[in-house]
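Asks: Each chain, written out:
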Amino acid sequence: MSEEMTWVLQAQQGSDEAFTNLVETYQKHVYNLCYRMLGEPESAEDAAQETFLRAFQHIHRYDSKRPFATWLLSIAAHYCIDRLRRRKFSMASIDQDEEEGGFELPDADAPNPESEVVHNEQREQIQGLLRRLDSVDRAAIVLRYWNDCSEAEIAEALNLTVSAVKSRLHRARRELAGLWQAETPRSKPERRPHESPAF
Amino acid sequence: MNHRPFEDWLLDDQPLTPEQKRDLLSHLRLCTSCSALAESNLALHTTQMISPTPGFSDRFKARLVRRRSEQKWRQMVGILVLVLGGLGLISWLAGPVIQEALSSPAEWITTAVGYFLYVLTSLQALGEAAAILLRVVPSFVSPAGLFVILMVVSGFSYLCIVSIWRVNRLPQGV
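Keeping their order, the protein sequence lines are chains B and A.
Residue 1 is where the first sequence starts when you use this note's numbering, and the numbers rise one by one after that.
Residue 1 is where the second sequence starts when you use this note's numbering, and the numbers rise one by one after that.
Same shape as in the complex, but just chain B:
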C-alpha cells in the first residue's frame, strides 16, 4: 500500500496528522488550481483552505478506486466554479477587480532577475487570458496543463463526458489563441512573391 493511501486510511479514521501530510503533499496543486481559477492570491488561499476542509470533512466518502489527487482537485474546481458564478452576480465584478490593479504574486525561486521579469510578464499575460474563459473551460485548461490530468480524469473531476472535455479544451485553446493574437503585437506574416493572398 502506498504512503498516500496509508495517510488517507488514517485520515478516514480521524487522524489530523495523516491529513496534514496530505495537505503538505497537495497544497501546491490545489493552490495553483485555485489561483488560476480565481486570479487573486487571497481568494486562492481561502479557496484552497476551504477545499482541504471540505475534503477532511467528507473523507469518509472518498472512494479509494479513484486517484486521491483527482478527488481533491474535483472539490477545488467545483468550489472555484461556484465561487466565480456567485461573483458574477455579486457587486464585486471581475472587471472591477481588474481595474483595481495588479496583484502580488508569491516569489518563485528564480535566481535571475531578468528571467523573473519575463516569467512574471508571461504569468500575468496567461492569467489575464484565463480570466476571460468560461469557468468550466478554465478549470479544464488548468487541470490539463498545470496538473497534467488526462481527459478522462478531467471528465471525472468536472462531471463531464470525455468528448465534452475534448471539445471544451479545443474551444478554450482556440479562444486563448485568439486573445493571445489580439494582445501580442506582431509583424504581418511574410508572403512569398507571386503567392496568392488567400494562402
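Bear in mind the hints are in silico, worked out from the structure with no lab data behind them.
There are no misleading hints in this set.
Here are the simulated DSS-like cross-link-like pairs (lysine-lysine), alpha carbons at most 30 Å apart as the crow flies:
hint, chain 1, residue 1, chain 2, residue 2
1, A, 61, B, 28
2, B, 65, A, 61
3, A, 21, B, 166
4, B, 166, B, 28
Starting from the known structure of chain B, fit chain A onto it as the hints suggest.
Replies: Just chain A now, kept in the frame of chain B:
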C-alpha cells in the same frame, strides 16, 4: 488559408515526426492564427505552478480547529433553541390540560373525552367539507382552471422539495 492538419496537430498536443515538425514550422511562419495557437500552447506548457506562501498547512490546522469550535458552538446553540422551543410549545399546548388535570381528576377525564370528541367531529366535518368541495368545485371551475390550480400546487411542492434538497446536499465534487 488552410489550417488543416496543422491546427489539429497543435490542438491534439501529439508528438510529431521530424517531417511534420518541418511542415508545421513553415506553416507557422505564414499563418498568424496557428502561430498564436502555438505560442499560447507554449505559454501554457511553460508557465510554472504557483505555490502558496509558507506555512499553508499550519494555517490549515488553525482553520480546522476554528471550524470545529464553530461547529460545536452552532450545534450547542441549535440544540438549545430546539429544547427551549420544544419546551415552550409543550407548555403552551399542555398548560391548560395540566391545569385542568390538577384541579380535579373527574374534570380532567371529562375534558380529555371532550377533546377526543372535538378532534373526531372536526376530522369528520373536514372530510365532509372536502367531499362537498370536490362535488361542487368542478361545476363552477373550468377544467382549465383546475389544471392551473393543480400546476400551481405542483410547482409549489416542487419548489419546496428543491429547496430542501439544496439545503441538505453535499458540496459538489465530494
